[in-house]
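*Asks:* Below, each chain spelled out in residue letters.
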Amino acid sequence: MFVAKDLAPLVPELFVAVSAMVLLLYGVFAKGNPTRTVVWASVLVLVVALVLVWQVPAGRQAVLSGMFVTDSFTAVMKSLVLIGSAVSLVLSVGFIRQEEMERFEFPVLLLLATVGMMMMVSANDLISLYVGLELQSLALYVVAAFRRDSERSTEAGLKYFVLGALSSGMLLYGASLIYGFAGSTNFTDLAKLFAGGHGHVSVGLVVGIVFLAAGLAFKVSAVPFHMWTPDVYEGAPTAVTAFFASAPKVAAMALFVRAIISPFGALVAEWQQIIILLAGASMLLGAFAAIWQKNIKRLMAYSSIGHVGFALVGLAAGTSEGVRGVVVYMAVYLAMTLGTFACILAMRQKNGLVEGIDDLAGLARTQPGMAFALAVFMFSLAGVPPLAGFFGKFYVFMAAINAKLYVLSVIGVLSSVVGAFYYLRIVKIMYFDAPGEPFLHPMPRELGVVAAVASLFTLLFVVFPMPILNGAAMAAKALFP
Amino acid sequence: MTIFHLIVFLPLLGAIVAGLFGRAIGDRAAMAATCVPMVIAAVLSWVGFYLIVHGGPVLVPLFTWIDSGSFEVSWALKVDQLTAVMLVVVNTVSAVVHVYSIGYMAEDPHKPRFFAYLSLFTFAMLMLVTSDNFVQLYFGWEGVGLCSYLLIGFWYERPSANAAAIKAFVVNRVGDFGFALGIMGIFLVFGSVSFDTVFQAAPTQVGKTIHFLGYDFDVLTTLCLLLFLGAMGKSAQLGLHTWLPDAMEGPTPVSALIHAATMVTAGVFMVARCSPLFEYAPTALAVVGVVGASTAIFAATVGLVQNDIKRVIAYSTCSQLGYMFFAAGMSAYPAAIFHLFTHAFFKALLFLGAGSVIHAMHHEQDMRNMGGLAKHIKITYVLMWIGSLALAGLPFFSGYFSKDMILEAAFGAHSTVGGYAFVLGMLAAVLTAFYSWRLLFMTFHGPRHEAHGHDAHGHDAHHEPHESPQVMLIPLYVLALGALFAGVVFAPMMIGEHMHEFWGKSILILENHTAMEAAHHVPLWVKLLPIGAGLLGIFVAFQMYIRKPGSGAALAKVNPGLYQFLLHKWYFDELYDLIFVRPAKWLGYKLWKEGDGRVIDGMGPDNIALRVAQLAKRAAGLQSGYLFHYAFAMLAGVAILVTYYFTTMMGH
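Chains as they are written, first to last, in my numbering: chain A, 1 to 481; chain B, 1 to 652.
Rather than coming from a laboratory, the hints here were simulated on the basis of the structure.
Be a bit skeptical, because a hint or two may be false.
As the list claims (entries may be wrong) - Taking lysine-lysine pairs in the DSS-like style, the calculated list, with each CA pair at most 30 angstroms apart, reads:
#: 1; chain 1: B; residue 1: K208; chain 2: B; residue 2: K505
#: 2; chain 1: A; residue 1: K404; chain 2: A; residue 2: K192
#: 3; chain 1: B; residue 1: K375; chain 2: B; residue 2: K548
#: 4; chain 1: A; residue 1: K428; chain 2: A; residue 2: K297
#: 5; chain 1: A; residue 1: K350; chain 2: A; residue 2: K297
#: 6; chain 1: B; residue 1: K617; chain 2: A; residue 2: K428
#: 7; chain 1: A; residue 1: K428; chain 2: B; residue 2: K593
#: 8; chain 1: A; residue 1: K192; chain 2: A; residue 2: K428
#: 9; chain 1: A; residue 1: K294; chain 2: A; residue 2: K428
#: 10; chain 1: B; residue 1: K617; chain 2: A; residue 2: K297
#: 11; chain 1: B; residue 1: K527; chain 2: B; residue 2: K505
#: 12; chain 1: B; residue 1: K617; chain 2: A; residue 2: K294
Make the full structure from the sequences, and use the hints.
*Replies:* What follows is the structure in structure tokens.
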């Protein structure tokens, strides 16, 4: 039976969900256009939720019949998700006004997606996993197609929806196979079942894991389940793309890690090969396919595929050290991505937003500050020391080496060399090419602040790495009791 | 803090101020910031000289530099009599050149840089002469090489200056490579690079051998020859001399300071400093003597036919350095250092005098375009006479004492090498006097030769030769004093009866090496012959250029082969070009185009980049935009993963 104290771990989710409803009602009944108010209120809600996440009782708490857990892993990952969502909302303020998308449903949908993500992070059961995932996805399908009058936007939304449905099908199929062969959907029970590695692992179970992994791989856009990413990133409104690239990626990666490690941690030998394949293919495709891209959003899509590959290297290691690497990687990735999209959203000329990489030509002369920030992000995404991106890669590769995954590490390093090409090309275009039509400046204040904070984080990570490293280590420990 | 700290570090201070802040503080302040410390250092050097001569050597430790295992190097200022002499030479000439440059470089837009380099050079040279170990010596050695490079190429807009700077640097690398090997060898053999330790242990190594590549080499001979290779490069001895004439591309004050008085004599100083090693390596000493004597005659012959006023003096320097080396080769180190001492004054005087001529002629250096300048620039004329008389070794001028001593020591050595050196040295003395007066007569006497391309109108009014300003003449007076009196005043101390008391332990001469003693007891004709040689050279020059002008050209016409041979400096440059430069260029070009370009780039970076680009096109092409393609890819992906799992897990 429910008692009030059982609800304590659920407070952040409940708060966000209820707030979303309230804001929705407010939006419906408010006079004039309430969007601005709703956006900033939503940001506030997310900030409050971030505080609440750290107020839930410490230690591992399992409620709702063990379907929902909180521990330090969920706290850390939820924080990243909430930060990602809040910053994405801030980035969208100017965009939705100028692109005539200023409708109050937009922030509400983002809030609902965030609730779904928080559920995903805390899921301790295949059922609650699926519920959280679908709550998130349904909101995302809608925001991808939020500009109904734009052909590209609707196409993106539709593609995402159809393929998302397919992936959900796979995931459910995998879940039913696992239930059929193991007899439980609860992560804790499954973990007990396989503990110590004794007992026969049936083929059906492993096929179930493969299908489950395929469904999750779709959400993190790992190769070969990545095909939607470039089209959706390019087609969706840029502010939506920024959101897609940040919070949902973090949430999906957290879910992936938990759904693999928590129930099947003892079966490393069975699933490790699958993750290695996903990681290797993602890194290579992310590096190669981006080279000829002319659209910076599309380029960022391939970039995110590559980065997911790098993060999966940490998961492939299957160790606490590896999970710590994943968490560090996602934190760093979040900062770099949000910063980069802040710059992309500032690429506005007289006739509206532009997305071509060539439009950045000579930016160093017209807007040195923005060019510098973008150059920092590009160097960091390429993994050049001493920027944050280097350390993200460093920790996952160190875990992989310690887990004796030498081939995967070599592939990773080589593809990061290839990937450096297109990141550095952007720097070259900004700093050495003759300027074209300049962007409107100064860049909007909220974008400038986000870009500045993100570039400071990227630059100074080397000086103050301990908060992130300690948090990540704490989070990783929760998954390996 | 002692006086020696000031002597060594004042120039560095000037260099730092002028070099780093020259633009900020302006030309005048930069010149003051270098010249004032330099003059103070020069005056203090004479005080230091007095202190050392009367108080004995001192060692001023500064700090530990390298301390790695058994390898320990400290910075220290070792000031003994030998160093004290060098300090006087270096700082006096340097101060004089600094002051002179204020006038000479008046129109140059980069004065702070010039003065910073000059002062930096002086500091490096002081590090060299005050070092108490081989590594510090090497530091100074390379420091002066660097500054020489910078100053030769000071007018970097001129391609010829850049080429000359690079040539000087590269040729010196050859010598320095030997020098570095020598130092490493010394550490290998003695386990130390400190002068005192090494010199004390030197006698124990006599007769020992090193086994290398299947041969046995005598330890001390090998080490001394390697060290001497460095000296040959720095002091432009035969074989590694080719950079010195080209170095005249630098401003004339630089030629006077670096390429006449100080840096080029570093080799002589080093041999004298290492006398405790060389004394136990008679073969090496013989090599030093032969190379020195050969250089003396070689450079003198080439000097006969040069037409560039500075190049004549440059070859003269090369020749005089040869004298110093063969003196060292006879174990007559005091004579070598004494000649270094006097030569610094009169050769710097000649160079700065030539600079004054060039200044008067508005940067004309070809003597064929001069003539009749005596009446226009009387003071310079007189000063050049003094310098030339000293160089030719006419009695009572400073060169007389030192050069006679060297020739007498060569005679007194009573050895084959000594005889060789004596004969060649005497011949070179005739040639020296000849080319010196050829220079004087071509420049100052006879009719005025107009430079090509000028028309007579307006020319006289504008280009009339003019005497240099006082700021350039006063330094010349100082040097003239040295050229006149350095010999007569210091000869008794440095090479006379009291030389053993004077030099103390700074120079070692073994009991059985008696050239220096024997020099005092040679027959009268040996003492008189150098004077005769000088007079003969002057007489011939007088005949050829005053009595019968044009006979020189006629002589060249009669012997075209010989003339061309000398004019082309014995074809050394051409020979090196053929043997070293072109094959090296060819090899480098091949390695670049074939090895690096075709093989490494072709197989490596270029090829990989091409493949990456192709792969990237394909990878991007996968993205068709069709939904069913995407769905198919996902299903195929799952199928591949499951199949892969089954195939890999079969083995279990």
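*Asks:* If a hint holds in the structure, say so; if it doesn't, say that too.
*Replies:* Here is what the structure says about each hint:
1. K208(B) with K505(B): 25 angstroms, holds
2. K404(A) with K192(A): 27 angstroms, holds
3. K375(B) with K548(B): 21 angstroms, holds
4. K428(A) with K297(A): 18 angstroms, holds
5. K350(A) with K297(A): Holds, at about 20 angstroms.
6. K617(B) with K428(A): Given pair K617(B), K428(A) holds - Cα atoms ~21 angstroms apart, limit 30 angstroms.
7. K428(A) with K593(B): 28 angstroms, holds
8. K192(A) with K428(A): 54 angstroms, violated
9. K294(A) with K428(A): With Cα atoms ~14 angstroms apart, K294(A) and K428(A) stay inside 30 angstroms; holds.
10. K617(B) with K297(A): Measuring from Cα to Cα gives roughly 18 angstroms; hence the hint holds.
11. K527(B) with K505(B): 29 angstroms, holds
12. K617(B) with K294(A): 13 angstroms, holds
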